[in-house]
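Undergrad: In case you want the letters, here they are:
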Amino acid sequence: MPITTAYKTEIQRVSILDEHGNFDEKLGKDLIPDADLVRLYEAMVTCRVLDEIAFKLQRSGRMGTYPQNMGQEAPSLGASYVLNKDDWIVTCYRENCGLFWRGVPMESILLHWMGDERGNAMPREHFATPIAVPIGTQMLHATGLAWASKYRGEKRISCTFFGDGASSEGDFHEACNFAANLEIPVVFVCQNNFWAISSPGKVNCSAPTLAQRALAYGMPTIQVDGNDLFAVVKVMRDAAAWTREHGKPHFVEAVTYRLGDHTTADDARRYRDQAEVELWKTRDPITRIYDYMKSRKLWDDSKEATTRERAAVNANAAVATAEGIAEPHRQDYFNAMYAELPADLATQLATHNTHSLGQTEEAAHVATEALAKAHASHH
Amino acid sequence: MTVREIEYRDALNEAMSEEMRRDKRVFLLGEEVAQYDGAYKVSRGMLAEFGERRIIDTPISESGFAGMAIGAAMMGLRPIVEFMSWSFSLVAADPILNNAPKMLYMSGGQFGCPIVFRGNDGAGGQLGSTHSWCVEGLYSNVPGLKMAIPSNPYEAKGLLKTAIRDDDPVFFLESERMLGTKGHVPEEEYLIPFGQARVARTGKDITLVSFGRPVNFCLEAAEALAKEGVDCEVLDMRTIRPLDIESIVRSVKKTNRCVVVDQSWSFGSPGSEVAAQVHARCFDDLDNFVHRVHTADVPTPYATNLEAEYMPNARRITEAVRACLYLA
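Top to bottom, those sequences are chains X and A. Residue 18 is where the first sequence starts when you use my numbering, and the numbers rise one by one after that. Residue 130 is where the second sequence starts when you use my numbering, and the numbers rise one by one after that.
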């Protein structure tokens with residue numbers, strides 16, 4: 018028998034609540050308690066409301082470039098819901114919903130996109146890293162964070178998010194290879210929204226699934242309907258548990274869709290077929306849960322109205338907080354450069370209001386004197 | 130009493146081993162650092178002492194292990210990342226230049242990156258241009274990092290120990306050409322602070338400012354020039370960031386002449402930075418403009434004779450000194 022099968026596998030896809038309202042009782046029963054489902058729904062609605070407000074802020078010149086999360090609320094939310102509070106969540110920029118569920122203040126995210134580093138100072142207790150805009154770097158950071166947990170003998174895992182486009186980056190492959198070979202507990206979650214800015218999926222991957230990329234690294238992998246919160250919760254819970262138990266990575270492809278533009282800097286109508294967008298609107302993760310809750314008599318119009326109202330109040334309060342923060346002082350940009358300010362930067366700080374930034378002899382003397390004075394008063 | 134002399138590579142090994150004994154958060158990762166004792170045997174015996182948890186062989190993926198080290202450092206560990214050569218760090222530009230030096234700033238002060246990136250830097254071994262990078266010119270442009278470049282075994286050990294204890298990312302530039310060089314390294318512990326130049330030779334006629342291996346060529350040139358009655362002061366800068374400009378200014382105000390010797394290309398280099406700062410700070414003290422000895426603006430040549438002439442060497446330094454003193 019000269020030719021045998023060297024390897025054969027199949028990739029499972031999990032769906033529990035589909036866009037037609039079909040609910041798989043076997044998989045979905047007792048998966049999410051009703052009270053939690055209501056809270057998760059409210060979280061998605063709040064995230065969506067904030068998303069719409071953020072878009073308007075950008076259009077009216079009150080915020081910089083912003084990537085809408087619309088349509089992709091479920092994957093990060095489901096992950097945050099099932100992860101331990103001290104597992105790391107290492108995101109790119111379409112995971113607002115999961116970050117808010119963890120307790121990251123909405124104003125932090127707004128502040129980030131308004132162009133203020135203070136929005137990146139994630140409170141440590143949330144075990145979240147700053148939003149990573151360069152495509153792909155965060156997957157390696159997540160691997161390093163998880164490796165550090167392993168080094169310290171902790172059971173903490175990392176869960177990192179990235180898009181279909183990022184799975185073409187070398188960083189993705191190096192992170193997967195690393196995590197698999199060195200046995201590092203990371204859950205890699207690919208939010209496949211079919212569009213890397215204007216590039217369709219085929220430009221980034223010729224295989225029928227992104228999930229199968231993980232096979233090359235000997236990593237368990239699964240595909241999930243990323244617009245189905247129930248399915249996401251199940252898959253993420255299983256993947257996190259497996260990763261924690263085995264101390265090895267697991268891959269999840271969450272199939273979802275970006276209902277908005279890539280960011281406020283592009284117009285998706287120029288490269289996407291509107292019929293495709295309309296189709297995906299029928300698969301919206303929020304309306305799916307809404308319909309389900311109504312059919313289960315968990316929800317009614319009055320509750321919906323109250324929720325929407327509360328979401329708007331909270332989102333507007335976050336906007337007010339973010340816009341109300343005092344501008345940073347010019348010299349503040351020296352503050353977080355090094356653990357301790359080195360002499361050359363101290364000189365630049367002392368002379369930052371001059372053209373020289375400490376380059377002339379006279380300025381250097383001024384700086385030296387100012388530093389000595391500051392030093393004396395400090396002691 | 131005998132003076133203990135050890136090789137440059139063993140000085141590096143001692144620095145890492147001592148710091149790893151002292152601090153459980155320190156670990157070493159890189160290509161072939163564990164089973165093979167390092168491509169250049171710098172980590173010889175470390176796997177046996179510290180085990181595979183702390184001495185880690187990585188896949189051949191510089192971006193991968195540099196990026197992973199950032200994550201580990203964000204959680205409070207202190208990785209030492211070995212690049213077999215700094216030439217290979219170019220494929221890890223994103224983590225080492227775009228993430229590590231900016232992480233503290235871009236996280237609003239939340240996450241520091243106490244990582245030492247170390248490896249061989251510089252040409253001189255006929256390795257061809259792609260493997261002969263002097264990265265100091267390219268990388269020292271980036272704020273947020275520190276950069277040390279030791280000139281002998283004593284400096285290598287003292288500076289590396291300081292680098293490992295530093296709370297910021299440190300780029301540690303070693304010299305493959307000096308790995309086998311022996312020098313005095315005392316048994317007892319010592320550290321060499323960053324940002325404090327060493328006066329490698331005192332003199333009154335001219336100040337030679339240099340970094341790393343070329344400091345030795347400056348000393349060689351200084352000995353030759355002494356026979357001609359020229360008394361050179363040689364400053365070993367030890368760190369490029371932070372740059373101890375005050376020591377340079379002090380020396381130049383004494384000698385009124387300055388030659389900078391830098392093994393990187395001249396355009397936008399540590400040498401040009403020193404020259405600019407000396408011109409600004411010592412404008413009225415200078416008898417001549419600051420002269421500079423660099424590598425030529427060509428890829429590192431492969432041929433032995435071309436490579437030797439391309440590098441700063443004692444002959445070229447001597448010529449620059451004579452020119453600066455109007456002796457040429």
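The set of hints was computed from the structure by calculation and includes no laboratory data. Warning: the hint list may mix true and false statements.
Unchecked claim - Only pairs whose alpha carbons sit at most 20 Å apart, straight line, appear in this in silico DMTMM-like list of lysine to aspartate or glutamate:
(1) A/LYS231 / X/ASP53
(2) A/LYS170 / A/ASP186
(3) A/LYS170 / A/GLU136
(4) X/LYS311 / X/GLU295
(5) A/LYS231 / X/ASP133
(6) X/LYS73 / X/ASP283
(7) X/LYS167 / A/ASP334
(8) X/LYS265 / A/ASP152
(9) A/LYS231 / X/ASP103
(10) A/LYS290 / A/GLU448
(11) X/LYS311 / X/GLU42
(12) A/LYS170 / A/GLU160
(13) X/LYS167 / A/GLU181
(14) X/LYS311 / X/GLU293
(15) X/LYS311 / X/ASP133
(16) A/LYS290 / A/GLU148
(17) A/LYS153 / A/GLU136
(18) X/LYS43 / X/GLU321
(19) X/LYS172 / X/GLU142
(20) X/LYS219 / X/GLU293
(21) X/LYS320 / X/GLU142
(22) X/LYS265 / X/GLU171
(23) A/LYS290 / X/GLU357
(24) X/LYS219 / X/GLU186
(25) X/LYS265 / X/ASP53
(26) A/LYS153 / A/GLU134
(27) X/LYS314 / X/GLU142
(28) X/LYS167 / A/GLU317
(29) X/LYS265 / A/GLU178
(30) A/LYS231 / X/GLU357
(31) A/LYS153 / X/GLU171
(32) A/LYS290 / A/GLU438
(33) A/LYS382 / A/GLU436
Only a predicted model underlies this, so the values are computations on that prediction, with no experimental measurement involved.
Undergrad: Checking against the hints above, which ones are violated?
TA: Going through the list in order, the structure violates hints 1, 4, 7, 8, 9, 10, 14, 15, 17, 18, 21, 25, 26, 27, 28, 29, 32 and 33 and respects the others.
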